[in-house]
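Participant: Given next are the chains, with one letter for each unit.
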Amino acid sequence: MMQSNKTLRIVRVLFALVGAMVVIFTFSSYSVKLDTPLMDYLTADFYAQTGAQNAVGAIYLNYRVFDTLFEALMLVVSVIEVINVSWSNIHSEKYQYEENNLQKKNNSEIITRMMGMIYPFVLLIGLYTIINGHVSPGGGFQGGAILATALITRYLVYPNFDLNLDILERLEKLLFFCILLLPILYIFMELGPSDSILMDQIYLITLNLLIGFKVFSGLSIIFYRFVFYENQ
Amino acid sequence: MLYSLVLAPIIFGLLAYVVNKKIATVLLLVFQFLFGLYAFYVFFTVNSSGALLWNAGGYPDGVALSLYADPISSVMVLFTAIFYFAFLVYAIRQTYFKPLFYFMFMVLEGLMMGLFLSSDLFNIFVFLEVSTVVVSILIMINKEKQAIYDGMIYFFVNVIGTAFLLFGIAMIYRTFGMLDIRMIQEAMSQIEDPKSVILPYAFMMTTVSLKTAVTPLFSWLPKAHGTPSAPPVVSAILSGLYIKSGVYLFIRFSNMYASAIDMHEFFFWIGFITSTVGFVMALGQHDIKLILAYHTVSQVGLIMMGLNMASEIAFWGAVYHIFNHAIFKSTLFLTAGLIYDEYDTRDVYQIRGLFKRMPLVAIATALAMLGITGAPFFNGSISKYMIAHGTYDYSTTILLNIVNLGTTMSFIKYATMLFGKNPKEGRAKIDIFALSASLFMGVASLITGIFGERLSEFLFNFEVHVNPEEYIQKGIVYVLMIIAGIGFYNGIIKHGGILTRIGHLELTFNATITAMVGYFILLVVYLNFLY
Amino acid sequence: MEFINGEIVGILLFFIGLYGLMTKKSIAKTIMSMSIMESGVFLFFITINYSTNSVPPIGQAQEASFADPVPSALMITAIVIGIGVTAIGLTMFMHYKQKHGITHWTRKRAQQGSDH
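Protein chains in written order, with this note's numbering: chain A, 1 to 232; chain B, 1 to 531; chain C, 1 to 116.
In isolation and in its complexed conformation, chain A is listed as follows (with noise of 0.2 Å):
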């Protein structure tokens, strides 16, 4: 028996590099680069088309947009997985508000003062990433993913488990929501007002805060849900 396992182990440690040796060769010594026709056109004429200055930002708000509601989907559906497969079965009544989670003492006081002093600051940088990402690199994932480390500083600081998710669940839902509506409408269907490159402009700082905030609930649902559901 520990023969045959040992045998399997070397054919496993054999196969990784055997793969990669085989797909290092191939791919140094054959592979082609033939023509870039999809970035020739999306980074041309982007701001006349679209109204943002930023092309990824164009790219993934109106060229693949698409793609973006799906991605959208994708974090509803793990939310919904996170919150029904976990093995703890109970809604937040359960946790909440149990005053002895407040654990100061755990806390390194140092950690506690600073994280009260750039709690702010991160909302801000946040919301300006969201805010901005049409023209400055950045954009509703990125802005939404800053603005969920919020929260997280929010934890360092106080431990304490007094959020309603059930809330936050359904304002996800909501966004989403939304996020399928609005480029439908306007992409889709164009059924915007006017074709100016303003009506773009506030249809990607739209959509851009819609996927920010959506992204920032999710987050904070599944980070919070770790915290105080998975970790007993």
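Just to be clear, a hint being listed does not mean it is correct.
Label-pair restraints from in silico Cβ distances [to be verified]:
no., chain 1, residue 1, chain 2, residue 2, range
1, B, Ala310, C, Gly59, 47 to 57 Å
2, C, Gly101, B, Leu37, 48 to 58 Å
3, B, Gln473, A, Lys6, 47 to 57 Å
4, C, Gln98, B, Leu100, 14 to 24 Å
5, C, Gln98, B, Phe451, 52 to 62 Å
6, C, Ser54, B, Phe440, 51 to 61 Å
7, C, Ser54, B, Gln190, 17 to 27 Å
8, A, Tyr30, B, Ala310, 20 to 30 Å
These aren't lab readings, by the way, just hints derived from the structure by calculation.
We put the CB at the ideal spot given by N, CA and C, even for glycine.
Using the hints provided, position chains B and C relative to the given structure of chain A.
Facilitator: Chains B and C alone, transformed into the frame defined by chain A:
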């Protein structure tokens, strides 16, 4: 307007999730009915005036993300929409019909539509990833121990498999600088040395082979499709429809690479091995759901054989078999759910007297079984006839007959449930909705068989002429096979022994991944030798 | 060091992840290996069409050419999907561990059909 086929189920699923259950049921039924009509409309448009195309945002074709409905995909969309209506009718009175369930159920429909329609590689990746999550939630909906384990295996194996696809897409994008399948297909002719697309081909085919569950990679399928506590509707969707998205992607991807790489022979043999292994494993099972699940492996192998015979009639026969398999396999899973509810066991050796206890369910089961074994006048016979017509080679015919014999044998085992003594007096009370849905599907397998020739022309614009003499000959072969099957059953299978032991063989998670890597290396090395 | 670029390192990371998946029985390590593997793909992807003298694709075109925005946009999507996948994997694992006390991939599933 193709995008509404993808997004409408998701939006209505979301709406149904927020309103109360009674309204939701009505809403979903009405929606699904209208949706079926719309799918019909799309199908007719494609049939009469050629392929439909939708480019997101109206950007030029090739750079925009596009959805594309050609004859094959519009048929897939059509039958997915129709079967979903039957599944919905089946499910509405069941205990698991809760908001979470029907939300996921509708989302899965939208995702499947997306997989059938999408013409963009990265978009397909996103659909695959999201649908993997949705399916694993549906499998684990009861949160029973075995279900969580099965769901976990399914989830991890498929996520890792999809990472291969992403790598393939990266290499395709590096080579061609675009993501649209049709454009890449055109650009593929510029490739001078086929060796430069070996890697993306191997990466993408590994994922597709995993999704279609061919030989070394099928070990997740019985776990996922045969999960004991998963609702029967979920098993029916997975085995009837969802697995077809893998086969469909196989068709799309091999077309995409057609001018550079041709692997007919390899996948033909893979298909044959898959279907042999599938029915041998099916013979060793006791659990009716597992029998059906392993049987799906075998039938998918047959479809792969048909697709890779390099003949037109066999190709369309295989496509038609995709459709037929969806009918009878979902019928069998639906009735298996009803049988389990009544008998409270899934052991095929303990269920007896189905004709006396639940006659209508037994009729539906029998119709589906006649279909799957390819009895004359049933749909299976037409598609199997077409596949067999793809070759005049003697040895290939023998291979096909071996597969058919295996199918027949495992279903003779399954058919023993129908006969025998009624364990309790009287008839069972069955939910009328579930019963009518499964009966509808069962009758469909007879009707699509009787009108097989016309249906094939109607659905695929492919004319089949069934030669009556040859058809009768096939009928005689069928009867002989039944007799041989019964003989085998009484001689070997009944006593179990070695077959049961084979049936209980399975790969661990690590071994599954090892098989996947091995398969990938095999593809790369084989292709390097070939070209 | 022409040989050590993002693409080669990406391929190596991918196979390191696969090595972990093939040999480690612990479910937690499986999730980690999966993340490593995905990072390999991400790295490979964003190295495509990269050249040292290009500028980020923001604002109007200047004298230097734009870097390719497509891989970045695609990878945002893929990374968000990766987050979802990791979270889901961890939840399933925690459920399995807390309810049934199992942290490793077992050899055999419970036999079915015979338990009634």
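Participant: Work down the list of hints and note, for each, if the structure agrees.
Facilitator: Hints versus structure:
no., hint, in the structure
1, Ala310/B x Gly59/C: 47 to 57 Å, "53 Å, holds"
2, Gly101/C x Leu37/B: 48 to 58 Å, "52 Å, holds"
3, Gln473/B x Lys6/A: 47 to 57 Å, "55 Å, holds"
4, Gln98/C x Leu100/B: 14 to 24 Å, "21 Å, holds"
5, Gln98/C x Phe451/B: 52 to 62 Å, "55 Å, holds"
6, Ser54/C x Phe440/B: 51 to 61 Å, "60 Å, holds"
7, Ser54/C x Gln190/B: 17 to 27 Å, "25 Å, holds"
8, Tyr30/A x Ala310/B: 20 to 30 Å, "26 Å, holds"
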